[in-house]
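Trainee: Generate the whole structure from the sequences, applying the supplied hints.
Given next are the chains, with one letter for each unit.
Protein chains: 2
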Amino acid sequence: MGSTNPSFMNGVPELLVLRLLQSREMYGYQIVQAIRDETSEVVSLGEGVVYPVLHALESSGAISSQRRAVNGRSRIYYALSPQGVTRLTELTALWSRLTNAVQQVLESEGHAAIV
Amino acid sequence: MGSTNPSFMNGVPELLVLRLLQSREMYGYQIVQAIRDETSEVVSLGEGVVYPVLHALESSGAISSQRRAVNGRSRIYYALSPQGVTRLTELTALWSRLTNAVQQVLESEGHAAIV
DNA sequence: TGTCATACCTCGAACCTCAAGGTATATACC
DNA sequence: GGTATATACCTTGAGGTTCGAGGTATGACA
Numbered sequence: 011m012g013s014t015n016p017s018f019m020n021g022v023p024e025l026l027v028l029r030l031l032q033s034r035e036m037y038g039y040q041i042v043q044a045i046r047d048e049t050s051e052v053v054s055l056g057e058g059v060v061y062p063v064l065h066a067l068e069s070s071g072a073i074s075s076q077r078r079a080v081n082g083r084s085r086i087y088y089a090l091s092p093q094g095v096t097r098l099t100e101l102t103a104l105w106s107r108l109t110n111a112v113q114q115v116l117e118s119e120g121h122a123a124i125v
Numbered sequence: 011m012g013s014t015n016p017s018f019m020n021g022v023p024e025l026l027v028l029r030l031l032q033s034r035e036m037y038g039y040q041i042v043q044a045i046r047d048e049t050s051e052v053v054s055l056g057e058g059v060v061y062p063v064l065h066a067l068e069s070s071g072a073i074s075s076q077r078r079a080v081n082g083r084s085r086i087y088y089a090l091s092p093q094g095v096t097r098l099t100e101l102t103a104l105w106s107r108l109t110n111a112v113q114q115v116l117e118s119e120g121h122a123a124i125v
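So the sequence lines, in the order shown, correspond to chains A and B. Here the first sequence stands for residues 11 to 125, where the numbers follow the numbering used here. Here the second sequence stands for residues 11 to 125, where the numbers follow the numbering used here.
Derived by calculation from the structure, the hints in this document are not laboratory data. Each hint should be verified, as a subset may be incorrect.
[Claimed, not checked] Simulated restraints, written as ranges between beta carbons of each label pair:
hint : chain 1 : residue 1 : chain 2 : residue 2 : range
1    : A       : Pro62     : B       : Ser106    : 53 to 61 Å
2    : B       : Thr96     : A       : Arg46     : 23 to 31 Å
3    : B       : Gly58     : A       : Ala103    : 20 to 28 Å
[As the list claims (entries may be wrong)] Residues from chain B that keep clear of chain A, each with C-beta distances beyond 12 Å, as calculated:
hint : residue
4    : His65
5    : Glu68
6    : Ser75
7    : Ala79
8    : Asn81
9    : Ile86
10   : Gln93
Here the structure is a predicted model, which means the values were calculated and not measured. Every residue gets a Cβ at the ideal spot worked out from N, C-alpha and C, and that includes glycine.
Mentor: Have a look at this one:
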């Protein structure tokens with residue numbers, strides 16, 4: 011309980027990471043901030059969430075990594091693989107289906123047994 | 011992994027249960043089926059999910075229970091308390107904020123650093 | 001030298017969910 | 001009576017995710 015983020019965001023990290031990598035290569039630290047920025051702080055994932063997701067995604071072949079030095083700093087850039095694109099498509103569809111289903115319950119008026 | 015429901019539905023059970031109880035009193039078994047029906051099977055929560063949620067909600071004072079016999083069957087009807095209404099309002103707002111934030115990331119085109 | 005921002009990482013605790021199992025009663029059928 | 005099915009409640013163990021806290025190291029700046 012009592013977490014910064016509400017607890018109904020299972021799987022969202024994977025989806026967001028995949029989506030961000032679709033537009034361009036990014037490194038972990040950058041992803042952490044991008045999520046915070048692009049959601050106006052609504053979703054704020056710590057490094058402890060993002061790095062493990064990145065590693066899992068790489069093991070599963072959804073993304074590939076490439077160490078690169080920029081401004082004397084070592085960064086690990088991640089890029090979406092074809093498998094990652096597929097995975098992203100799946101998760102996006104799932105997300106859409108789920109939110110629509112929940113919305114349906116939230117918006118339905120009576121919930122009457124028989125009308 | 012590999013579950014029937016995708017794994018990004020943390021906390022959704024609590025929200026759905028609360029919402030269903032807002033319209034009318036219901037008992038556990040009925041809630042299980044209502045969720046399945048009203049979401050067209052997209053969200054299908056087992057009894058092992060719903061009953062614990064119900065118990066937790068009751069301990070926290072969000073709902074109250076009343077054992078009743080109907081057709082020779084013993085049922086435990088749950089009703090939303092004022093605290094439950096407040097909780098529902100909160101969770102609904104949270105859900106809305108979260109889905110909008112995710113949607114924003116999913117829909118944004120470039121993710122370009124500087125345009 | 002000290003501090004800050006960058007950049008990577010891991011670990012344990014806490015939490016949620018699922019599938020599977022268990023109990024008991026009513027109804028319907030043979 | 002016996003059996004099966006639907007109703008109705010419940011708990012447990014295993015597996016998964018996420019969080020917060022902590023750790024390491026470099027570059028920039030004062």
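Trainee: Determine which of the earlier numbered hints do not hold for this structure and return their numbers in increasing order.
Mentor: As far as the earlier hints go, only 1 is violated by this structure.
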